[in-house]
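Enquirer: The residues making up each chain are set out below.
Number of protein chains: 2
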Amino acid sequence: MALRHPKAEEIRLEDVLTALSNPTRLKVVRTLAEVGPTPCGSLLEGVPKSTLTHHWRVLREGGLIWQEAVGREYTLTLRRDDLERRFPGLLPSVLRAAGTR
Amino acid sequence: MALRHPKAEEIRLEDVLTALSNPTRLKVVRTLAEVGPTPCGSLLEGVPKSTLTHHWRVLREGGLIWQEAVGREYTLTLRRDDLERRFPGLLPSVLRAAGTR
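Protein sequence lines, in the order shown, are assigned to chains A and B. Converting from the first sequence to the numbering used here requires adding 50 to each position, the first position being numbered 1. Converting from the second sequence to the numbering used here requires adding 50 to each position, the first position being numbered 1.
Heads up, some of the hints might be wrong.
Only pairs whose alpha carbons sit at most 27 Å apart, straight line, appear in this in silico DSS-like list of lysine-lysine [stated by the list, open to error]:
| hint | chain 1 | residue 1 | chain 2 | residue 2 |
| --- | --- | --- | --- | --- |
| 1 | B | Lys77 | B | Lys57 |
| 2 | A | Lys77 | A | Lys57 |
| 3 | A | Lys57 | B | Lys57 |
| 4 | A | Lys77 | B | Lys99 |
| 5 | B | Lys77 | B | Lys99 |
| 6 | A | Lys99 | A | Lys77 |
Please keep in mind that the hints were generated in silico from the structure rather than gathered at the bench.
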């Protein structure tokens, strides 16, 4: 079953900000921005599966990431271009802010 | 009794993003950005007082606004310079994003 992802033009500002307002999710977004597409399993080790599932859903439904099955696992990819087109400069400014804490 | 406001250097990214992730609070921030300091009472007419109090607290404790008693009422002022120093470009990019919805 394919997971639900919003189209680029359906991405809502409040959902993007909500997704980024959680430090754990922001950490995932920063990692994806730095290293590119990453298998779910190698992000956030030691976090309970139900918590992970929740975070992936908030990020996916907010339009921040693609979550796609690759073999038996999901790979997460940051929707950098979609976000940039939808809300120019927003993601870079949040990533920069996160880097200066 | 003076209300609690974080110092500029104590403002946390997650609190700023949480404050901005609510459409009602974002609307208040946009108004303050456009018109400058504004009495509480003339923002968000028709919203229950307890809801207003909640929104002002989230904005104030997140470091987005000064909430200061002026006569018998509070005036809200956007902490634009503090936010810009703390997280350069973040607020302008969110305001721009909010304007393009």
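Enquirer: Each hint: holds or not?
Expert: Tested hints:
1. Distance check on the hinted pair: Lys77/B and Lys57/B sit about 24 Å apart at the alpha-carbon level, within 27 Å; holds.
2. For the hint pairing Lys77/A with Lys57/A, the CA-to-CA distance comes to about 24 Å; that is within 27 Å, so the pair holds.
3. Note on Lys57/A and Lys57/B: the hinted pairing is violated, with a Cα-Cα distance of about 39 Å set against a maximum of 27 Å.
4. Of the pairs offered as hints, the one joining Lys77/A and Lys99/B is violated, with about 36 Å between alpha carbons and a cut-off of 27 Å exceeded.
5. At roughly 17 Å between alpha-carbon atoms, Lys77/B and Lys99/B fall within 27 Å of each other, so this suggested pair holds.
6. For the proposed pair Lys99/A and Lys77/A, the alpha carbon gap of about 17 Å is at most 27 Å, so the pair holds.
Taken one by one, the earlier hints fail for this structure at numbers 3 and 4, listed in ascending order.
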